[in-house]
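So the protein sequences, as listed, match chains A and B.
Taking the working numbering as reference, the numbering of the first sequence is continuous, increasing by one, and the terminal residue is 185.
Taking the working numbering as reference, the numbering of the second sequence is continuous, increasing by one, and the terminal residue is 92.
Derived from the structure by calculation, the hints contain no laboratory data.
Among the hints, erroneous ones may be present.
[Stated by the list, open to error] List time: in silico BS3-like cross-link candidates among lysine-lysine, alpha-carbon distance up to 30 Å: (1) B:44 <-> A:58; (2) A:88 <-> A:58; (3) A:76 <-> B:44; (4) A:58 <-> B:41; (5) A:58 <-> B:18; (6) A:36 <-> B:18; (7) B:34 <-> B:8; (8) A:36 <-> A:160; (9) B:44 <-> A:36; (10) A:185 <-> A:163; (11) B:18 <-> B:30; (12) B:30 <-> B:41; (13) B:18 <-> B:41; (14) A:81 <-> A:152; (15) B:41 <-> A:36; (16) A:163 <-> A:36; (17) A:163 <-> A:184; (18) A:176 <-> A:79; (19) A:152 <-> A:163; (20) B:34 <-> B:18; (21) A:79 <-> B:44; (22) A:184 <-> A:160; (23) A:88 <-> A:185; (24) A:76 <-> A:36.
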Amino acid sequence: MKGKWGALFLIFALLAFQGCAGTTPPAGSQRLIPLKEANLEAVFEQNEGLEVTVEDAKEVRDFYRCGVQLKAEAEKLFKQKAYPEALKFYRASNDSLSTLLQYIDQDCAAYILFGETDILFFPNLLVADNELKMGLILQTMGREGSSQRCWKRGLTSVQKSLKAERTEWGLSLQEKLVSLLPPKK
Amino acid sequence: MSTQYRSKGLISFRIDTKESRETIMKFLEKDPVKVPVLLDKTGKVTRLFGVWAHPTSYLIDRQGMVRYRAVGLVDWTSLQATSVVDLLLREG
Chain A
1 MKGKWGALFL
11 IFALLAFQGC
21 AGTTPPAGSQ
31 RLIPLKEANL
41 EAVFEQNEGL
51 EVTVEDAKEV
61 RDFYRCGVQL
71 KAEAEKLFKQ
81 KAYPEALKFY
91 RASNDSLSTL
101 LQYIDQDCAA
111 YILFGETDIL
121 FFPNLLVADN
131 ELKMGLILQT
141 MGREGSSQRC
151 WKRGLTSVQK
161 SLKAERTEWG
171 LSLQEKLVSL
181 LPPKK
Chain B
1 MSTQYRSKGL
11 ISFRIDTKES
21 RETIMKFLEK
31 DPVKVPVLLD
41 KTGKVTRLFG
51 VWAHPTSYLI
61 DRQGMVRYRA
71 VGLVDWTSLQ
81 ATSVVDLLLR
91 EG
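All chains should be modelled from the sequences, with the hints used to inform the complete structure.
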């Protein structure tokens, strides 16, 4: 401290007061949730801020935040057409989300954290979107078989999501994935 | 702990989420604390920290890095808690 006792070096923030721990998501309603309510940008916005790395993730919800943040990075790289780098982030995002899905496997448009605070909770849909993008990247690399496998996995995830929550986002993703896969005979 | 470590450079505060000043004042009348209470009226701070349970405590080092997080009540007088704070205070 070198005598500068007044200097503000260490901050100890205590987020205290009443509240309750997060609760499990309620069963999904059958209302069609419009895209303006549930979309990728909104999910990113809710998870921006303090970065959670996979190494630091301890609680299941940390894996969600981490998976979303990795996906946000992947999306940036995808837009820049930095495909090999984007692929790494999509994979890392899916790894993190897959860990979470072992414990909480249901998507929910209003996952209650505490009090009246809820978030968009769409791990299955995010995995599906990651699979879609990874498939597109692998296709540009000439790896048709791998891309088809990605899209098949993506379709399974999006169907899981739609079972819990009917979203325009999910339906449009499902449509895209179906159009990319060969028609069933 | 706040009083004990203040002279060593520890700054502590509480952040209250989405509650009115009146509610907090009433609470503080019953349970007075010397730690400043900051108001997070819109819940933005809570969102940016990714808080999903109350209370959640964070220890932030001199470089502004979040080094420790504790979800749930913490006994800040315990050996475990004080040793972590001591460790961070010793860092340059």
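Proposed proximity, residue 79 of chain A with residue 176 of chain A (alpha carbon, max 30 Å): Cα-Cα ~18 Å, so holds.
Given hint residue 160 of chain A paired with residue 36 of chain A - CA-CA distance at most 30 Å: This hinted pair holds, its Cα atoms lying about 21 Å apart.
If you draw a straight line from the CA of residue 81 of chain A to the CA of residue 152 of chain A, is it 30 Å or shorter? holds (23 Å)
Are the Cα atoms of residue 184 of chain A and residue 160 of chain A separated by 30 Å or less? Distance ~19 Å between residue 184 of chain A and residue 160 of chain A Cα, so the pair holds.
30 Å Cα cutoff - pair residue 88 of chain A, residue 58 of chain A: holds (22 Å)
Holds or violated: residue 163 of chain A and residue 36 of chain A, Cα atoms, limit 30 Å. holds (20 Å)
Are the Cα atoms of residue 185 of chain A and residue 163 of chain A separated by 30 Å or less? This hinted pair holds, its Cα atoms lying about 24 Å apart.
Does the structure keep residue 163 of chain A and residue 184 of chain A at a Cα separation of 30 Å or less? holds (21 Å)
Between residue 152 of chain A and residue 163 of chain A, does the CA-CA distance stay at or below 30 Å? Status holds; Cα separation ~17 Å.
Against the 30 Å threshold, does the CA-CA distance of residue 88 of chain A and residue 185 of chain A hold or violate the hint? violated (34 Å)
Does the structure keep residue 34 of chain B and residue 8 of chain B at a Cα separation of 30 Å or less? The given pair, whose Cα atoms are some 17 Å apart, holds under the 30 Å limit.
Given the hinted pair residue 30 of chain B and residue 41 of chain B, is their Cα-Cα distance within 30 Å? Roughly 22 Å between the alpha carbons, so the hint for residue 30 of chain B and residue 41 of chain B holds.
Figure legend: structure checked against the earlier numbered hints; the only hint not met is number 23.
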